[in-house]
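As given, the protein sequences belong to chains P and A, one line each in that order.
Under the working numbering, the first residue of the first sequence is numbered 1, with each subsequent residue one higher.
Under the working numbering, the first residue of the second sequence is numbered 498, with each subsequent residue one higher.
Simulated from the structure, these hints should not be mistaken for lab results.
Be aware that one or more of the hints could be misleading.
[Claimed, not checked] Calculated from the model, a selection of chain A residues having no Cβ within reach of chain P, i.e. all distances over 10 Å:
#	residue
1	V553
2	Q582
3	S602
4	L633
[Unchecked claim] Examples of chain P residues toward chain A, derived with CB under 8 Å:
#	residue
5	I296
6	P321
7	A337
8	H356
9	A361
10	T366
11	M369
The beta-carbon is built from N, C-alpha and C at its ideal position, and this holds for glycine as well.
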Amino acid sequence: MSIKRLILFGAVVVVLSMATVLAQRVVSGQTSLTSETVKDLPYTPVVTLNGSTLPWKMVDGTKEFHLTVEEITWEMAPGMVVKAWGYNGQTPGPTIEAVEGDRVRILVENKLPEPTAVHWHGVILPSGMDGVAGLTQWPIPPGDTFKYEFTLKQHGTQMYHSHGDEMVQIGLGAMGFFIIHPKRPTHKIDRDYAIFLNEWFVQPGTARPDPNVMTDFNIFTFNSRAFPGTAPLLARPGERVRVRLGHVGQDFHAIHMHGHSFTIVATDGGDIPETAQWMETTVAIGPGQTRDYEFIAIPGDWALHCHLRHHPMNAMGHDIPNVLGVNQAGVEEKIQALVPGYMAMGETGMHEHAEHAKHMAGPPNTLPMMGGQGPFGPIGMGGMFTVLKVHENAPRFATADDYTKQIQLPDDGGWYDNPPGTVAESINPDFGKQKIGAYVCPMHPEVRQSEPGSCPKCGMTLKPQKAEPAEEGDGNRQSESREPMGSQEHHEGMHHH
Amino acid sequence: MRHSARAFIGVVFSAGLVFGCAIIPRQTGLPEVVKTIEQRTGVRIQQYTGAPTGLVAERIHDLLREELTLDRAVQIALLNNRSLQATLEALGIARADAIQVSLLSNPVFSGHARVPEDEGKTNLELALAQSVVETLLLPLRQRVARAQFEQIKLQVTDAILRFLAEVKTTYYAVQATEQLVTMRGTVLQAAEAAAELAQRQYDAGNIRDFDLATEQAAAEEAQTELIHAQTERIAAREALTKILGLSHSDTGTWWVATVLPALPVHDPSVEELEMLAMRERLDLAAARQELEVLQRGLTAARFGMLPATVAAINTETEPDGDRVTGPMWDVEVPIFDWGQARRGRLKAQLRQSQHRLAALEVAVRSEVRIASHRLAAQRQLVERYQDRLLPLRRQIVASSQRHFNYMLIGAFQLLQLKQQEIAAQQASIEALRDYWMARAELERAVGGRLPEGGGS
Numbered sequence: 001m002s003i004k005r006l007i008l009f010g011a012v013v014v015v016l017s018m019a020t021v022l023a024q025r026v027v028s029g030q031t032s033l034t035s036e037t038v039k040d041l042p043y044t045p046v047v048t049l050n051g052s053t054l055p056w057k058m059v060d061g062t063k064e065f066h067l068t069v070e071e072i073t074w075e076m077a078p079g080m081v082v083k084a085w086g087y088n089g090q091t092p093g094p095t096i097e098a099v100e101g102d103r104v105r106i107l108v109e110n111k112l113p114e115p116t117a118v119h120w121h122g123v124i125l126p127s128g129m130d131g132v133a134g135l136t137q138w139p140i141p142p143g144d145t146f147k148y149e150f151t152l153k154q155h156g157t158q159m160y161h162s163h164g165d166e167m168v169q170i171g172l173g174a175m176g177f178f179i180i181h182p183k184r185p186t187h188k189i190d191r192d193y194a195i196f197l198n199e200w201f202v203q204p205g206t207a208r209p210d211p212n213v214m215t216d217f218n219i220f221t222f223n224s225r226a227f228p229g230t231a232p233l234l235a236r237p238g239e240r241v242r243v244r245l246g247h248v249g250q251d252f253h254a255i256h257m258h259g260h261s262f263t264i265v266a267t268d269g270g271d272i273p274e275t276a277q278w279m280e281t282t283v284a285i286g287p288g289q290t291r292d293y294e295f296i297a298i299p300g301d302w303a304l305h306c307h308l309r310h311h312p313m314n315a316m317g318h319d320i321p322n323v324l325g326v327n328q329a330g331v332e333e334k335i336q337a338l339v340p341g342y343m344a345m346g347e348t349g350m351h352e353h354a355e356h357a358k359h360m361a362g363p364p365n366t367l368p369m370m371g372g373q374g375p376f377g378p379i380g381m382g383g384m385f386t387v388l389k390v391h392e393n394a395p396r397f398a399t400a401d402d403y404t405k406q407i408q409l410p411d412d413g414g415w416y417d418n419p420p421g422t423v424a425e426s427i428n429p430d431f432g433k434q435k436i437g438a439y440v441c442p443m444h445p446e447v448r449q450s451e452p453g454s455c456p457k458c459g460m461t462l463k464p465q466k467a468e469p470a471e472e473g474d475g476n477r478q479s480e481s482r483e484p485m486g487s488q489e490h491h492e493g494m495h496h497h
Numbered sequence: 498m499r500h501s502a503r504a505f506i507g508v509v510f511s512a513g514l515v516f517g518c519a520i521i522p523r524q525t526g527l528p529e530v531v532k533t534i535e536q537r538t539g540v541r542i543q544q545y546t547g548a549p550t551g552l553v554a555e556r557i558h559d560l561l562r563e564e565l566t567l568d569r570a571v572q573i574a575l576l577n578n579r580s581l582q583a584t585l586e587a588l589g590i591a592r593a594d595a596i597q598v599s600l601l602s603n604p605v606f607s608g609h610a611r612v613p614e615d616e617g618k619t620n621l622e623l624a625l626a627q628s629v630v631e632t633l634l635l636p637l638r639q640r641v642a643r644a645q646f647e648q649i650k651l652q653v654t655d656a657i658l659r660f661l662a663e664v665k666t667t668y669y670a671v672q673a674t675e676q677l678v679t680m681r682g683t684v685l686q687a688a689e690a691a692a693e694l695a696q697r698q699y700d701a702g703n704i705r706d707f708d709l710a711t712e713q714a715a716a717e718e719a720q721t722e723l724i725h726a727q728t729e730r731i732a733a734r735e736a737l738t739k740i741l742g743l744s745h746s747d748t749g750t751w752w753v754a755t756v757l758p759a760l761p762v763h764d765p766s767v768e769e770l771e772m773l774a775m776r777e778r779l780d781l782a783a784a785r786q787e788l789e790v791l792q793r794g795l796t797a798a799r800f801g802m803l804p805a806t807v808a809a810i811n812t813e814t815e816p817d818g819d820r821v822t823g824p825m826w827d828v829e830v831p832i833f834d835w836g837q838a839r840r841g842r843l844k845a846q847l848r849q850s851q852h853r854l855a856a857l858e859v860a861v862r863s864e865v866r867i868a869s870h871r872l873a874a875q876r877q878l879v880e881r882y883q884d885r886l887l888p889l890r891r892q893i894v895a896s897s898q899r900h901f902n903y904m905l906i907g908a909f910q911l912l913q914l915k916q917q918e919i920a921a922q923q924a925s926i927e928a929l930r931d932y933w934m935a936r937a938e939l940e941r942a943v944g945g946r947l948p949e950g951g952g953s
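With the rest of the complex left out, here is chain A:
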């Protein structure tokens, strides 16, 4: 009897140890996340603990030394954005949670010491109890934990992709504002030249005071437009500085190319993109994973029907000095709670998740279609500006120059038409910026990467 009890305890404990050690996630999950991100975006992320090391600072310093290209901006953001690092820590938390669930509850040691009032030895009772059913169910719980961890990994990866899209959008905004400031500067130059000419005409006694004031007002308006553009530029630069995790001292040091990239040759079709999103979207994958988690949970809950059973070894020293040792069982009698509520909850959760997954699929498809149509519309705008409106505006200026040459129109009209050309250029730049922003948004919407030839 004693031997059999010992053997029983030995089996329970060693099984618990084996399962507990073998099934907890060995890795933090980071390499997989890194791999996915690299596959989808071509950039590597790094995680570091604590404050950025000197190595990181040096790397960032290197990256900032030359023109801050989009690639460099992404690299810096991935290295240096502390919010992103915070997101990555979710992996560590998830892993810890998974380990926690995989551990067997510690055995419970209990002891009673009872002193007889009359002669006799102290009655000493010691017991070591371990929940049996929990131990048996441990593999099931671990499967659930693992599924949950997978889900967190997917969610973290998805969050990084969203973050990358935001970096790109912020970057394009900077490029556009740089260009717009230059442009507003050119308009100001035109308006100032016109105002100066008007001043001289006025001084020469040639034009009315309100003609002069009109040109001066136009120059002032151009000045205010420039101030607005400069403010936008500062805000855009500040947004990029923030997302790159740079400090105030770095703000003035970096510079970007002031010309937005040209339109790519073509954009992928919306059908292609919808299919891609269904396959690639990580929030969808995470939602599917949640389903898996719940299904496993339900399986586990079915076994949870087993009445809670505690196996224990109990030893007692009687007052008379005899010592008795033997196993002990505590078995729950499942009369009232036989797990039906928990299972019911899990079933409902499972159905809820199924609905949520279906709804998310619908939402993702819609999101992709909207992003795709927005991209197409922006492309159309850019093309109309670049291929139609701008050539027309340039033609108007060239033609009005010819009219000016023959003294058919005056300098103010010529300069006004030039300003309209510049305004069209501005609209064209804004359209191109919006195209690239829409493209970053579309990349995110399909899971980080557009089909072949569609990369930015």
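Looking at chain P on its own, in the form it has when it is part of the complex:
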């Protein structure tokens, strides 16, 4: 190693260390290449939603990367921070991007309390670089740094992840994308998004993911973020968009994107010949696999989520006695006499929960099972859910960094402006214009007033209750029965709109 190379290496380490510090400070942020450094790249840089791309330096013709694996604090969504194990302050770790034919050197520094090794999942390389502790190399002891070096002989969406105590280390988030761009791309991609799927078990009220759980997960994430903490995918109509999905978890996922039929263009095995590509609206992906799909963006706000029903949902109890369709009037008061904060819920379904979570306290560091506010009211989703926003004015960005500066959460960037006559609507011409008879607390029917406000007992926003139509007689008479939450939410949404 020449003196010059040593100095260079030192400089890189300093830069990377600073980057790590920065990354740890801004848990969901990232450090990445700047517009300056990427403008000469022969590819469209990947945007790792809520993540970043790993910087590199050319050292004697080799792209040198530095990964530090360590315990990090990671925000899964506002209101929930976990103690994850990640690379360079992130989970998934920053995306490694390189080009087919590149020689790469990856320095892996272990700051975990136990040995580790990094496996370059799907990458064709010498056996001794495969990163399986014990089998192909000595485990990297805590405090040590190992050097991996190989030449990239393929292109495609690959991954890296811990291959030492996988159960714990992957379970706590030690994985990332390893994306190898083709030397000569066959076509131009306007926007390239990477989404790493993962499942977690974080006992409500705790902060450390439990790595011992095999299948009973309660948090499902896109890039270790749960809705409403997931960033949206942005595009302009007509743009060609690629989405790369990676997965090294325990469960199968069925990623469904609304509004489009997309084409599966590649798997972890490589590009699919055009004649063999297939169209889908839902792509199934199992542990250890990657899938790339492409589509031409169609205007609108389109949901993108796992189609396993409890995956676009945050922690909820699965063994609670079913209260659907159970009228609790009368019983609720009796229970409240003992447990004053008790509220009957779930009687008409769980939709109301999206509303409850705004005013009722849950366990600390726990996301409500559903959340997110859309232009038409509560979205009522969680976990593996985000939005593809195809808007005429969608911002352009050169790097993931630019992206992050512009977009944080799904309602940033606004909502799609639907052309007239293209939104499903009530066939009732008075929808949203009903005369309000009174504002009542959904939980305390005795609390009713003529002005909007919040319940003095529970702080819940009072719901407008419509007056009986005048032609039916007594105009002051008000419905005694509690209105279904759904309809109330709808017209609240209308007012908001």
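We have chain P; now place chain A onto it with these hints.
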């Protein structure tokens, strides 16, 4: 000779009268007992003869009109408990005994009339005899009697203090059961609400029949627990009614505060208490007094060595009509019984009493230590319940409420945790009740009153 004999008799009789009248207890002893009790407990006792007067009934009626506080309960018990009145009568008996011992034996008059077979006057012999030694020993006997009376007074006072401790204990039991009934009622409410919810869930087709039955069974169990608690409450109230000497018609009329008093700031140290008990315990005082009685008895017995002597004046009319008058002595000749057995018995009794006193001292010290440690242990329990377990249980309910809000747990679990909180409250109340009972017991064990700041 005649004059000297008359003078002798006069002296003997008048001395007997003087001693007899001057030394018998003038009072029944009640004022002293009242004073001691008042000093130690702050309450006055009253004694009445016969059935309670209208005044007593009126006073009790007044006391029952408002909340029956511990003080009021004690006042009523002291006025109205007939067993206590019976105990007080021991004073009257003791006084009578003391008087009895202080009295001189009555002189014995004897007469003989003998009719001659032949001519002549009837031979008439009259004598008035009085035991001389008894008269001389009277002051000694009176000293013994007085000591005995003192002993009875101490014993009566001690019995009253024990009685007061029992009143307090009974009172605290009532307060606790009142609170426990309320608590079991709350648990029942929780269980019934859960069962009702379960019924609706079952009717809606949501839960299994045995889930429903489980909640219903829990409600039934809560109901039986409540019945047990209510029975305990009735028994406790009845015990208090009895000790207050109230009749059946009064049972339902009185009410107590349903919250036990809070823990006092501190409890006295065991060393302090042992010393106090040695000084204050009235059964110890009574035992010491018994020693005094026996010592005096022994002194008296020493004089009892004097041979029994009867002095008499004798007059006789001879058949010939002459009349002779003169003193007469009967003197016991102490050859066989010179009082040695009686003295031996008294000496043995004295030694026995000394041993008993020493044993009682050991027992009292031990009793105080046990009562003191029990009090400390109960305080520790109450503090652990109040400062640790209950806050934890409340925190668990508050936290599970948050979990319920996010549909992470169900209503039954929330209600079960609430019931556990209530169970901890129950245990806490029982511990506090036991603390106050232990305190009443300790008060009794040290002679009626804890050191400064330690009163209940």
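Going down the list of hints, with the structure as the test:
no., hint, verdict
1, V553, "holds, 45 Å"
2, Q582, "holds, 48 Å"
3, S602, "holds, 80 Å"
4, L633, "holds, 84 Å"
5, I296, "violated, 40 Å"
6, P321, "holds, 5 Å"
7, A337, "holds, 7 Å"
8, H356, "holds, 7 Å"
9, A361, "holds, 5 Å"
10, T366, "holds, 6 Å"
11, M369, "holds, 6 Å"
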